[in-house]
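J.: Please work from the sequences and hints to get the whole structure.
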Amino acid sequence: MDKKLEPIVKAMQEKFSATLEEFRDEVHLFVKPEQIIDALTLLRDEYNFELLSAMTAVDYYPQATPRFHLVYQLTSIVKNLSVQIRVPVNGSSPKVPTATQLFGVANWRERELLDMFGIEFEGHPDPRRLLSPEDMVGHPLRKDFPLGYEEPQFTFNFDEIDLRKPYAKE
1 MDKKLEPIVK AMQEKFSATL EEFRDEVHLF VKPEQIIDAL TLLRDEYNFE
51 LLSAMTAVDY YPQATPRFHL VYQLTSIVKN LSVQIRVPVN GSSPKVPTAT
101 QLFGVANWRE RELLDMFGIE FEGHPDPRRL LSPEDMVGHP LRKDFPLGYE
151 EPQFTFNFDE IDLRKPYAKE
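In this text, residue positions in the sequence shown follow the working numbering: the first is 1, and each later residue adds one.
FYI, nobody ran anything at the bench for these hints, they're computed from the structure. Among the hints, erroneous ones may be present.
To be verified - List time: in silico DSSO-like cross-link candidates among lysine-lysine, alpha-carbon distance up to 27 Å:
hint, residue 1, residue 2
1, Lys79, Lys4
2, Lys3, Lys15
3, Lys10, Lys79
4, Lys15, Lys4
5, Lys79, Lys15
6, Lys15, Lys32
7, Lys32, Lys143
8, Lys95, Lys143
T.: Structure below.
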(Lines of atoms letter the chains of each structure in order from A and count residues from 1; the text may use other names and numbers.)
(Lines give C-alpha, C1' and ligand atoms only; values in the text may rest on other atoms or scores of the structure.)
Protein backbone atom coordinates (compact mmCIF):
# COMPACT_ATOMS: atom_id res chain seq x y z
CA MET A 1 0.00 0.00 0.00
CA ASP A 2 1.16 3.52 -0.77
CA LYS A 3 2.46 5.23 2.40
CA LYS A 4 0.26 8.27 1.66
CA LEU A 5 -2.85 6.03 1.87
CA GLU A 6 -2.10 4.59 5.32
CA PRO A 7 -3.59 7.48 7.38
CA ILE A 8 -6.64 7.57 5.10
CA VAL A 9 -7.24 3.84 5.51
CA LYS A 10 -6.75 4.11 9.26
CA ALA A 11 -9.30 6.94 9.47
CA MET A 12 -11.83 4.95 7.42
CA GLN A 13 -11.34 1.91 9.63
CA GLU A 14 -11.79 3.92 12.82
CA LYS A 15 -14.76 5.97 11.67
CA PHE A 16 -16.70 3.38 9.65
CA SER A 17 -15.24 0.02 10.75
CA ALA A 18 -14.20 -0.39 7.14
CA THR A 19 -12.47 -3.62 6.25
CA LEU A 20 -9.38 -3.50 4.09
CA GLU A 21 -8.44 -5.69 1.17
CA GLU A 22 -5.37 -5.18 -0.99
CA PHE A 23 -5.00 -6.65 -4.44
CA ARG A 24 -2.10 -5.88 -6.77
CA ASP A 25 -1.27 -2.68 -4.90
CA GLU A 26 -4.89 -1.48 -5.04
CA VAL A 27 -6.66 -0.61 -1.80
CA HIS A 28 -10.26 -1.76 -1.44
CA LEU A 29 -12.26 -0.56 1.57
CA PHE A 30 -15.58 -2.21 2.39
CA VAL A 31 -18.30 -0.11 4.05
CA LYS A 32 -21.98 -0.71 4.78
CA PRO A 33 -24.64 0.75 2.44
CA GLU A 34 -25.91 3.16 5.11
CA GLN A 35 -22.36 4.54 5.56
CA ILE A 36 -21.47 5.16 1.93
CA ILE A 37 -22.49 8.84 1.76
CA ASP A 38 -20.57 9.71 4.93
CA ALA A 39 -17.54 7.75 3.71
CA LEU A 40 -17.57 9.44 0.29
CA THR A 41 -18.02 12.85 1.93
CA LEU A 42 -15.05 12.26 4.23
CA LEU A 43 -12.84 11.15 1.36
CA ARG A 44 -13.86 14.09 -0.82
CA ASP A 45 -13.72 16.86 1.80
CA GLU A 46 -10.89 15.77 4.11
CA TYR A 47 -8.59 13.83 1.78
CA ASN A 48 -9.13 15.54 -1.61
CA PHE A 49 -10.62 12.57 -3.49
CA GLU A 50 -12.49 14.94 -5.78
CA LEU A 51 -13.01 12.62 -8.76
CA LEU A 52 -15.42 9.70 -8.93
CA SER A 53 -13.46 8.08 -11.74
CA ALA A 54 -15.53 4.89 -11.97
CA MET A 55 -18.65 3.38 -10.52
CA THR A 56 -19.76 -0.14 -11.29
CA ALA A 57 -21.08 -3.33 -9.72
CA VAL A 58 -20.15 -6.99 -9.51
CA ASP A 59 -22.78 -9.75 -9.43
CA TYR A 60 -21.92 -12.79 -7.31
CA TYR A 61 -25.03 -14.81 -8.28
CA PRO A 62 -26.11 -17.43 -7.06
CA GLN A 63 -24.85 -16.01 -3.76
CA ALA A 64 -27.66 -13.91 -2.29
CA THR A 65 -26.03 -12.21 0.69
CA PRO A 66 -24.34 -10.13 -0.55
CA ARG A 67 -25.23 -10.67 -4.16
CA PHE A 68 -23.67 -7.44 -5.42
CA HIS A 69 -20.66 -5.32 -4.63
CA LEU A 70 -21.15 -1.71 -5.60
CA VAL A 71 -17.72 -0.31 -6.52
CA TYR A 72 -16.75 3.38 -6.23
CA GLN A 73 -13.30 4.24 -7.64
CA LEU A 74 -12.14 7.58 -6.24
CA THR A 75 -9.11 9.54 -7.40
CA SER A 76 -7.23 12.38 -5.77
CA ILE A 77 -5.62 14.33 -8.58
CA VAL A 78 -3.78 16.61 -6.14
CA LYS A 79 -2.20 13.69 -4.24
CA ASN A 80 -2.01 11.28 -7.18
CA LEU A 81 -3.84 8.59 -5.17
CA SER A 82 -6.64 6.18 -5.91
CA VAL A 83 -8.87 4.20 -3.56
CA GLN A 84 -11.74 1.82 -4.17
CA ILE A 85 -14.79 1.75 -1.90
CA ARG A 86 -16.92 -1.39 -2.08
CA VAL A 87 -20.45 -1.67 -0.72
CA PRO A 88 -21.92 -5.19 -0.29
CA VAL A 89 -25.61 -5.16 -1.31
CA ASN A 90 -28.15 -7.95 -0.83
CA GLY A 91 -29.89 -9.41 -3.86
CA SER A 92 -33.45 -9.38 -2.52
CA SER A 93 -33.87 -5.59 -2.62
CA PRO A 94 -30.67 -3.90 -3.75
CA LYS A 95 -30.90 -0.29 -2.54
CA VAL A 96 -28.20 2.25 -1.74
CA PRO A 97 -28.37 6.01 -1.06
CA THR A 98 -27.57 8.20 -4.05
CA ALA A 99 -24.23 10.01 -4.32
CA THR A 100 -25.49 12.59 -6.82
CA GLN A 101 -25.30 15.39 -4.24
CA LEU A 102 -21.55 14.69 -3.84
CA PHE A 103 -20.46 13.91 -7.41
CA GLY A 104 -22.36 15.16 -10.46
CA VAL A 105 -21.15 12.24 -12.59
CA ALA A 106 -22.88 9.82 -10.19
CA ASN A 107 -26.18 10.77 -11.83
CA TRP A 108 -25.34 8.94 -15.07
CA ARG A 109 -23.42 6.11 -13.44
CA GLU A 110 -26.22 5.32 -11.01
CA ARG A 111 -28.76 5.31 -13.83
CA GLU A 112 -26.56 2.86 -15.72
CA LEU A 113 -26.33 0.58 -12.66
CA LEU A 114 -30.10 0.75 -12.18
CA ASP A 115 -30.57 -0.20 -15.82
CA MET A 116 -27.96 -2.94 -16.08
CA PHE A 117 -28.04 -4.48 -12.56
CA GLY A 118 -31.34 -3.32 -11.02
CA ILE A 119 -29.63 -1.61 -8.08
CA GLU A 120 -31.84 1.26 -6.88
CA PHE A 121 -30.43 4.52 -5.57
CA GLU A 122 -32.67 6.13 -2.97
CA GLY A 123 -33.11 9.85 -3.53
CA HIS A 124 -31.85 9.82 -7.12
CA PRO A 125 -33.22 12.85 -9.02
CA ASP A 126 -33.93 10.99 -12.29
CA PRO A 127 -34.29 7.21 -11.83
CA ARG A 128 -34.95 6.15 -15.42
CA ARG A 129 -33.32 3.54 -17.62
CA LEU A 130 -30.35 4.92 -19.49
CA LEU A 131 -29.30 2.27 -22.01
CA SER A 132 -32.36 0.03 -22.41
CA PRO A 133 -35.95 0.79 -23.42
CA GLU A 134 -38.25 1.77 -20.55
CA ASP A 135 -40.53 -1.25 -21.15
CA MET A 136 -37.69 -3.79 -21.07
CA VAL A 137 -38.02 -6.50 -18.44
CA GLY A 138 -34.91 -7.50 -16.53
CA HIS A 139 -31.37 -6.24 -16.16
CA PRO A 140 -28.83 -7.46 -18.77
CA LEU A 141 -25.67 -7.56 -16.62
CA ARG A 142 -27.17 -9.77 -13.93
CA LYS A 143 -25.81 -13.29 -14.12
CA ASP A 144 -29.31 -14.77 -14.04
CA PHE A 145 -30.47 -12.74 -17.06
CA PRO A 146 -31.55 -15.15 -19.84
CA LEU A 147 -29.06 -15.11 -22.69
CA GLY A 148 -31.28 -16.43 -25.43
CA TYR A 149 -33.40 -19.30 -26.57
CA GLU A 150 -30.71 -21.49 -28.11
CA GLU A 151 -28.35 -23.61 -26.06
CA PRO A 152 -24.69 -23.36 -27.17
CA GLN A 153 -23.57 -26.37 -29.14
CA PHE A 154 -20.60 -28.42 -27.96
CA THR A 155 -19.34 -31.88 -28.88
CA PHE A 156 -21.08 -33.49 -25.89
CA ASN A 157 -24.57 -32.17 -26.72
CA PHE A 158 -24.45 -32.08 -30.54
CA ASP A 159 -27.03 -34.83 -31.12
CA GLU A 160 -29.54 -33.36 -28.68
CA ILE A 161 -29.35 -29.89 -30.24
CA ASP A 162 -29.31 -31.25 -33.79
CA LEU A 163 -32.72 -32.90 -33.16
CA ARG A 164 -34.27 -29.53 -32.24
CA LYS A 165 -32.64 -27.43 -34.97
CA PRO A 166 -34.94 -26.17 -37.69
CA TYR A 167 -33.52 -27.06 -41.12
CA ALA A 168 -34.74 -25.79 -44.48
CA LYS A 169 -36.96 -28.33 -46.25
CA GLU A 170 -35.96 -29.43 -49.72
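J.: None of the hints should be skipped; say for each whether it holds.
T.: Taking the hints in turn, this is what the structure says about them:
1. Lys79 to Lys4: 8 Å, holds
2. Lys3 to Lys15: The given pair, whose Cα atoms are some 20 Å apart, holds under the 27 Å limit.
3. Lys10 to Lys79: 17 Å, holds
4. Lys15 to Lys4: Given that 27 Å is the threshold and the Cα spacing comes to 18 Å, the pair holds.
5. Lys79 to Lys15: Cα-Cα ~22 Å, so holds.
6. Lys15 to Lys32: 12 Å, holds
7. Lys32 to Lys143: 23 Å, holds
8. Lys95 to Lys143: 18 Å, holds
In this structure, every one of the numbered hints holds.
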